[in-house]
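Engineer: Model the full assembly from the supplied sequences, consistent with the hints where possible.
Residue numbers (numbering that gives the first Met the number 0), protein chains in the order written: chain A, 0 to 370; chain B, 0 to 586; chain C, 0 to 382.
I should point out that these hints are in silico values taken from the structure, not numbers from a laboratory.
Below, computed lysine-lysine pairings styled on DSS-like, alpha-carbon distance capped at 27 Å:
#1 B:443 / A:23
#2 C:379 / B:77
#3 B:77 / B:62
#4 C:31 / B:142
#5 C:379 / B:219
Example chain C residues on the side facing chain B (calculated, C-beta under 8 Å, incomplete):
#6 15
#7 18
#8 218
#9 221
#10 225
Simulated restraints on C-beta separations:
#11 A:37 / C:120: 54 to 64 Å
#12 C:117 / A:74: 34 to 44 Å
#13 A:245 / B:461: 30 to 40 Å
#14 A:26 / C:378: 19 to 29 Å
#15 C:364 / A:83: 21 to 31 Å
#16 C:248 / A:26: 35 to 45 Å
#17 C:241 / A:93: 37 to 47 Å
#18 A:93 / C:50: 31 to 41 Å
#19 C:91 / A:68: 38 to 48 Å
Everything numeric in this text was worked out from a predicted model, so none of it was measured. Virtual Cβ for every residue (Gly too), placed ideally from N, Cα, C.
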Amino acid sequence: METFVSSLAQIGALIRKELLALLKEPSSRALMFCPALIQSLLFGYGATYDLVHAPYAVLDLSGGRAATELLARVDGTGVFVRTATLASPTRISDVIDDYDALMVLSIPSDFQDRLDAGQRAPLQVILDGRNSSTAGLAAGYVGTIVAEFNASLGGGVSGVRVERRAWFNPNLESRWNIMPALIGALSMLQTLMIAALSVAREREQGTFDQLLVTPLTPMQILIGKAVPAILIGLMQSTIILVIIRFWFRIPMNGSLGVLYLGLLTFTVASVGVGLSISALSLTMQEAMLYSFLLIMPLMLLSGLLTPVRNMPEVLRIATWANPLRFCTSIVRRVYLEGAGLSDVAIDFIPLLIMGAITLPLAAWLFRNRLS
Amino acid sequence: MSESVPIVVAEGITKTFDAPGGGRLTAVDDVSLSVRAGELTALVGPDGAGKTTLLRMMAGLLKPDTGRLYVLGVDLAKEAQSVQDRIGYMPQRFGLYDDLSVRENLDLYADLHGVPEDARRTRFARLLEMTELARFVDRSAGKLSGGMKQKLGLACTLVRLPDLLLLDEPSVGVDPLSRRELWKIVRQLVDAETLSVIVSTAYMDEAERCAQVFVMNEGKMLAEGVPKAMAEAARGLTFVAQPPPGATARELQARLIDADALIVDAVPSGGAVRFIRQPEADERAVDALLDGIRRQARPEELEDAFMMLLRRHRGDDGAAPPRVALRTPAGGVGEQAVIVVRDLVRKFGDFTAVAGASFEVARGEVFGLLGPNGAGKTTTFRMLCGLLPATSGHLEVAGLNLRTARARARGKIGYVAQKFALYGNLTVRENLEFFGGAYGLRGKVLRERVSAAIEAFGLEAAAVSGILPLGYKQRLAMAAGLLHEPEILFLDEPTSGIDPLARRAFWRTITALAASGVTIVVTTHFMEEAEYCDRIAILDAGRMLALGTPREVKERAGDADGDMNGAFIAIVEHGRVRSGNVLEAAA
Amino acid sequence: MSAFPSSQRAPGFVRRFVALLRKETRQLLRDKSNLAVGLLLPVALILLFGYGLSFDVKNAPIAVVMEDRSPAAREVVEGLRGTEYLAPVFASDMAEAERLMRAHEVDGIVRVPTDFSRRLNTGDARIQLLLNGVDSTSATVIEAYVTGAVGIWAQHRADRAGNKASVGGSVEVMQRVWFNEAGESRWYLVPGLVVLVLTLIGAFLSSMLIAREWERGTLESLFVTPVRPLEIVLSKLVPYLVIGGIDLAMCLVAARFLFRVPIQGSLAVIVTASMLYLTVSLLLGLFISAVTRNQFDASQLAMLASYMPATMLSGFVFDLRNVPAVIRVVAQALPATHFMGLVKTLFLAGNNWPMILRDCGILALYALALVFATRARLQKTLE
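Structural biologist: Structure representation (structure tokens):
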């Protein structure tokens, strides 16, 4: 018992020293916490697939009542904002090419006549396909508006209505999807690097030997290096979480306990990866570049930007080695879907395995890379 | 080039920096000087004297806040670049590109200075011959030993003959052999090509060889002159005394240096003690202090005058040795061996760094490990501390076999690494608390030990350790290594780069520790410091060349009364001649 | 001054520059970790972007609950099968369907209620669509497909029933998606990749170059030579321009031959603009490096100031036309945003000279400003 307490106290001294070294200077403190704050605010507003005030232009050659009414419906959704009214078809390419309009609605001169005659009147929709996702969304909105317009015209052509109800995100806002996933991604960016640099820095500054001649065992050093990085990771996660919950007011359905358990498991796994890099690198530069080499693919294969399901088989298998993928899944499901521990238990398994491999690996590397 | 025109003229230059924690720190304070061309000029002074700042200003890397500075007749404030085109400057740590080879480093500087191809061939051949680097031209600079790096740095500044050469402590961390070679090169250039050189140094024997010496302290210029004339300040005050039978020179030296009202300075030398009497001290009081020991007058040297100058200006501040009152480890002084090394071998691949070293160190002994750069000292040291496993041989520290009980053995040793290896951005107290904690101290015991150490070593608890003067960094490192009251203290080049005053204080502490039963193992490049040791071992190319008391070792070298420096060089050279191709291995 | 005639003439700019260039190139070639990030990471990213990232919803699993088993109901559901976008599976009841959705085995539930065919006759039939809104993008797409499929079925049904319902005309959407008719997300992700790779090589690698020399003390020696600060900056730029050029070539080859993304604009313009952007991003890295003088801070700053915004705020995947004005202003301040818009246009739309001139002009201004800012920060002084 006494030796156990003593061993803990030794680790405690190391943790305290690591935290002091990381957070002592105001500038380094700022570097630990400001990026999480600023990025979550910027990306919270900037990272959205939703169309809001999407600019569009009109080429109305008919000038009739029906056209005016249709356009009023388009303007009325709040999704589109008319930025230009074109006089001739030659102007279409100008507004599209220069990113001035996402979409051009071109209404032919016989639009009103055909409608009056009970015929089909074509409405030409020209979309900027340079971002096919937004183009697809805009097309969807126009389709819905036109369907409603048609219904008002002829009294229910179809007679069938699709009633949509969305679970967990009633208005299908993409921010609700992206922001929770950023908790893991943004904190990993820095915690992995802090861990990766922790040993490399001591090695470069010559303090590692001094540390090794103390009675601290490699396991104690490992824990002492891991805990501060984990704490900082969780602090950053908390900052982002607070912004999501209280600034962007995205409602949280799950339990905070399960969420933090997930974040903790994830942070342990990614710190394990970082410390393994650290033990392998001889200089800080190597540690930084190798962790960067890893971070990029981890982010892309995490499901943060595009769904994992859309990836080809090989890459989907590769994501099993990606802690961020499971963190993203856990956070989204717990935060938005209110999933309980039993629902997401399966996502914990790979994270626990990763932690169980990387941390002992790092400890082994500490010991065996000394000579 | 006219002799009468000074090559560097400073008129009342002052340089201040932002002190950490607010305020300004005056590094160079209203300094005026005039350096003659075609001569070797020394700049001496303790840590923080402002030597480096002054040299950097001469190189145009810092701008004086006030005053004017002319180098080569050019006003630096106006045309720094034209001066930089023409001078050579070697900073304390020359910026070699570790990933480039020796030749590529030389080529880079030759290209930058526009040395034409044909001139380059002869120049390089000569530089490589002088620096003895010819066989290593294709080796990357990062893989050279400390001394070789320093020589390569000098060669890089000499790819073309500069109009003025500035050297900032070129011999710090360099072994006596390399140091001698380095000076030989400089000497040759000054004599043969009337090169003007300004060198800052902590070695008084180096300053003594210069035509002109400037002494600085705390940013101020204290004195200037020809070494011989300056030494005269100590005339009639310098003596040497033999310790009484049964006592060591170290103990007598400690007694003398503690009596700072009567004695300016005392150092052990060849079994005796050299000291300087305070000018105003009463002769009878000094004799009373010596307690019947006979003293003999000896010729004064530059170092004596320098020590007097420093003592007068520093007062007790930097000079007072820390009063270490640490608990004596169990056992006390005795004959019992606490370190046993037998047939120790360490190989790196097919390179043998240590080839069968054997020695024992008794409790309370001060044991010195000497050798040129790359001799295997550091490797031996790292094995003793458990940082590196031995390839073969027996290694026992504090009664524990390092193969089987490495962690337990580590709890019984203290280690002070080469260079300052504590956490630079933490305060003194934070560093001590961390190391105490790492050694398993906690709560009240930890707090008390830390406070005691801060008190004993005269440290400032809240000071940020990274910006302490070198001497204080070294004290802090010692304090950290002693917190857990180790039985054995390992010190790797503890005095490298620190000034004479701080070195005296350091050795006073070592003497006290050894008296209280702590075993000390130390490496050093200052050969006169070997005189403090009870026994020394000289290593070269992984082999032990000599082992014994300083006197015995000097006898082996053939001159029992000569200085340690000469003995060291003789033994190493003799050893190399015998083994022929050892140089290869030394690098 | 005449008392000390200079014993030699300082070499000219070209010699010094060549010497520095040789040094930088050697250092680059001997540094494995640098080369790995410079050349391997782009290959990995190219493959990941080309194959791994896709917004295109295909075979999205949806559960179908048939509470009404009338022929009409079956026809509607049959309509959902006809597309490659949806992969319907049948669930016996709502409870099972909801269980499937909670377990993420399906992304949506289509429920045909018991009163479907009865109400169809009165013209107000309903089909319920339940979606998992967490992946809002996929959910929106699924909604569009389901609505579309149901709409087509209804149209057919109306046509079959004769024109008795269509008292008035109807508007028919004729959709044209310019530049990317098939709406493949790869077509815009791959040009964006060019931006990301060049940002990465530029800012991240170069951010360590000057800081490393500060940390290792090599600048102090280098300063006291005839070298000028600007030469140091430029010599660090060139080897990385070459690395970036190789990466650019790999991106273009992969885009054209591996991913078959059309390149409408002229290759020369694409290469010129890319090299200009690469220069800007290298200079940004060098500037950060000169300011921080510390490798760790520099790399962190480079990542935060250049790479992350280039991914998230440059209009790469998130359309800048959708973001609040403040964010748009921030985005417009990024060189990456201008290059992103330009490169997508050059790939998919073709040469648009006013845009080419404007954006290249902006990038050139950035480059100039950064050269001078870096030089100003890299004075020959240790203060």
